[in-house]
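**Student:** These protein sequence lines map, in sequence, to chains A and B.
Going by the numbering used here, the first sequence opens with residue 190, and the numbers climb by one from there.
Going by the numbering used here, the second sequence opens with residue 80, and the numbers climb by one from there.
No lab work stands behind these hints: they were computed from the structure.
Wrong hints could be hidden among the right ones.
Here are the computed lysine to aspartate or glutamate pairs in the DMTMM-like style, where the Cα-Cα straight-line distance is at most 25 Å [stated by the list, open to error]:
(1) K303/A with D349/A
(2) K303/A with D275/B
(3) K304/A with E208/B
(4) K326/A with E208/B
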Amino acid sequence: MPTQGVRVIEFQSVTKRYADGTVAVDSLDLTIDAGRITVLVGPSGCGKTTSLRMINRMVEATSGTILVNGEDIRAQRPATLRRGIGYVIQNAGLFPHRTVIDNIATVPVLLGTKKAAARRRAEELLDTVGLPRELGKRYPAQLSGGQQQRVGVARALAADPPVLLMDEPFSAVDPVVRDDLQEELLRLQSELGKTIVFVTHDIDEAIKLGDKVAVLRVGGELAQYDTPATLLAKPVDDFVASFVGRDRGYRALGFLSAHGAEVVPLSTIPLGSPVDEARAALTGGWGVVVDENQAPLGWVSTSSLSTVEGELRSADLVAGGSLYVADSPKSGSLRTALDAALSSPSGVGIAVDSGGAVTGGVTAESVLKALDEARRSGEVPS
Amino acid sequence: MNWVIDHIPELLSAAVDHLQLALLPVVVGLVLSLPLGWVANRWTVARAILVPVSGLLYTIPSLALFVMMPLLLGTKILDPINVQAALTIYTVALLVRSIADALAAVPDSVVQAASAMGYRTVGRFFAVELPLAIPVLVAGVRVAAVSNISLVAVGQIIGVGGLGYFLLHGAQSSPPNYQEIIAGIALIVLLALVVDGLLALAGRALTPWTRQQRGPVGRGRSVVSR
Ligand SMILES: Nc1ncnc2c1ncn2[C@@H]1O[C@H](COP(=O)(O)OP(=O)(O)OP(=O)(O)O)[C@@H](O)[C@H]1O
Ligand SMILES: [Mg+2]
Numbered sequence: 190m191p192t193q194g195v196r197v198i199e200f201q202s203v204t205k206r207y208a209d210g211t212v213a214v215d216s217l218d219l220t221i222d223a224g225r226i227t228v229l230v231g232p233s234g235c236g237k238t239t240s241l242r243m244i245n246r247m248v249e250a251t252s253g254t255i256l257v258n259g260e261d262i263r264a265q266r267p268a269t270l271r272r273g274i275g276y277v278i279q280n281a282g283l284f285p286h287r288t289v290i291d292n293i294a295t296v297p298v299l300l301g302t303k304k305a306a307a308r309r310r311a312e313e314l315l316d317t318v319g320l321p322r323e324l325g326k327r328y329p330a331q332l333s334g335g336q337q338q339r340v341g342v343a344r345a346l347a348a349d350p351p352v353l354l355m356d357e358p359f360s361a362v363d364p365v366v367r368d369d370l371q372e373e374l375l376r377l378q379s380e381l382g383k384t385i386v387f388v389t390h391d392i393d394e395a396i397k398l399g400d401k402v403a404v405l406r407v408g409g410e411l412a413q414y415d416t417p418a419t420l421l422a423k424p425v426d427d428f429v430a431s432f433v434g435r436d437r438g439y440r441a442l443g444f445l446s447a448h449g450a451e452v453v454p455l456s457t458i459p460l461g462s463p464v465d466e467a468r469a470a471l472t473g474g475w476g477v478v479v480d481e482n483q484a485p486l487g488w489v490s491t492s493s494l495s496t497v498e499g500e501l502r503s504a505d506l507v508a509g510g511s512l513y514v515a516d517s518p519k520s521g522s523l524r525t526a527l528d529a530a531l532s533s534p535s536g537v538g539i540a541v542d543s544g545g546a547v548t549g550g551v552t553a554e555s556v557l558k559a560l561d562e563a564r565r566s567g568e569v570p571s
Numbered sequence: 080m081n082w083v084i085d086h087i088p089e090l091l092s093a094a095v096d097h098l099q100l101a102l103l104p105v106v107v108g109l110v111l112s113l114p115l116g117w118v119a120n121r122w123t124v125a126r127a128i129l130v131p132v133s134g135l136l137y138t139i140p141s142l143a144l145f146v147m148m149p150l151l152l153g154t155k156i157l158d159p160i161n162v163q164a165a166l167t168i169y170t171v172a173l174l175v176r177s178i179a180d181a182l183a184a185v186p187d188s189v190v191q192a193a194s195a196m197g198y199r200t201v202g203r204f205f206a207v208e209l210p211l212a213i214p215v216l217v218a219g220v221r222v223a224a225v226s227n228i229s230l231v232a233v234g235q236i237i238g239v240g241g242l243g244y245f246l247l248h249g250a251q252s253s254p255p256n257y258q259e260i261i262a263g264i265a266l267i268v269l270l271a272l273v274v275d276g277l278l279a280l281a282g283r284a285l286t287p288w289t290r291q292q293r294g295p296v297g298r299g300r301s302v303v304s305r
């Protein structure tokens, strides 16, 4: 999928000591995989930004070597190097005096592309990052924070650089927009296959986005470098364990497929059925009401039906919990399965197929049993 | 009004001289102040020297500066260069500080982003920092232009004063020619107002982004692939 050749980034015992003596990064050895998202995460002041900025020489390493694709970054002049590396910062850092289109066209124009051609490409990039083209003529101050951040991403992508550096790009927007932006980044990445180095202090963001996560501790030391699943299951020490958080066991379920969890049959009742038939169809006092496509609409129970006469209407339903997709290979995770069970009014989580039709139910017990089996078979490092 | 009507050609040509004496120093001063202001913004030491020195220059009385110019430059007493050089010094004294302040007010994140995009120092200055400094810069240029237009008249002391000629000549006539004095003053004020207004308009034309109101914003579409 990658559009260009691979770009591995290697830190070889890289140290950064600032003029005032602060050691921001201490002999860092790190290999960043090509075409993947690598997240640098850690508490404030641990040297994430410094590490990131050493890659495009916004900060010069005091000692050690950084290689991009085997080539020492010092072999190129900084400005030349930077034109080949996309960079996105918090609050987007857009040029207030340039329209959205001209902001996006910045690097291509610097590289010598004709203005008109660069603008056409910029318009396409608006599509890529999910912004309407009409926004192209606006100035950054006329956009919402989330829109500005998207423009920042488009600007970084404009010259199609193989490497993208992102420094807390989504931390200044509200949680809902942040969620959108994260999803969008994952979607983009699945199409573009860039080598992305992403800095955040939010471990949830790191786990959601990272193919690999590097946890740094204050003093610029690498504490652990692993996949999110391993990080959650096997933190190397107390620092990492406390940093990944208390409910890491629960979040680790997010990396296990739910296909091992037993799905039991559920009684489904079409909307509009006579209430008497519905009462007779309940199992364990509960039943799922479905539409004509077998998609779940809500629950009914013995007690909820006790005051209802005639035909079953939507107003008679008890709201359902979350759903999880149970047909392989696109099966949901044990975490979504457990959440479906815990959030369901009946205690039984609804499993659906990828088309959204009810296939059965799952209980918290069966999720835990599946976890147990996964542990025993060595799927989870315990 | 008779005197005015009889002297329209002289008044007009003096007004043109006056403008040229006042505004050429603004242009030259601006060109000189840009690198100085940039240096002052870039290095703390440079700022610690340049800003107080230019403040000091501005406090020299114009009369003294005009009189000193032929000595300093070795020029003839009636050479218009004397007045223009003195006004250039005032302009620089005014603008160095405002340019340094304007550059300092450009958000660091924007400057950093420009570097990260691959701008070199000079390219970044003209493409990003200078445009963003325009609002403050224009304010400084307007003050310098208006102040120069009024100071030119003082240059009449060393024989080159544009419309200042009519003030001095009118006052020294016996009896004093008030029509001449008032005409000179009125034209100077008029020039100052017109130049100030034109500069304000130019400033607006150069900074369209400062006027845009935040329009209705729709949230970006999310998770849409096509
Ligand atoms: N220009 C500088 N001069 C001196 N010290 C600096 C400089 N920049 C950063 N530092 C110090 O280096 C250390 C690491 O800073 P850095 O910005 O890399 O941290 P960070 O992990 O990005 O933190 P945050 O999450 O707060 O952004 C901090 O102690 C910081 O104070
Ligand atoms: Mg940082």
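**Student:** So, for every hint listed, does it hold in this structure?
**Tutor:** The hints, checked one at a time:
Between K303/A and D349/A the CA atoms are separated by roughly 16 Å; this keeps the pair inside 25 Å, and the hint holds. For the proposed pair K303/A and D275/B, the alpha carbon gap of about 38 Å is over 25 Å, so the pair is violated. A threshold of 25 Å between alpha carbons decides the hint, and for K304/A with E208/B the separation of about 21 Å falls inside it, so the pair holds. Of the pairs offered as hints, the one joining K326/A and E208/B holds, with about 21 Å between alpha carbons and a cut-off of 25 Å not exceeded.
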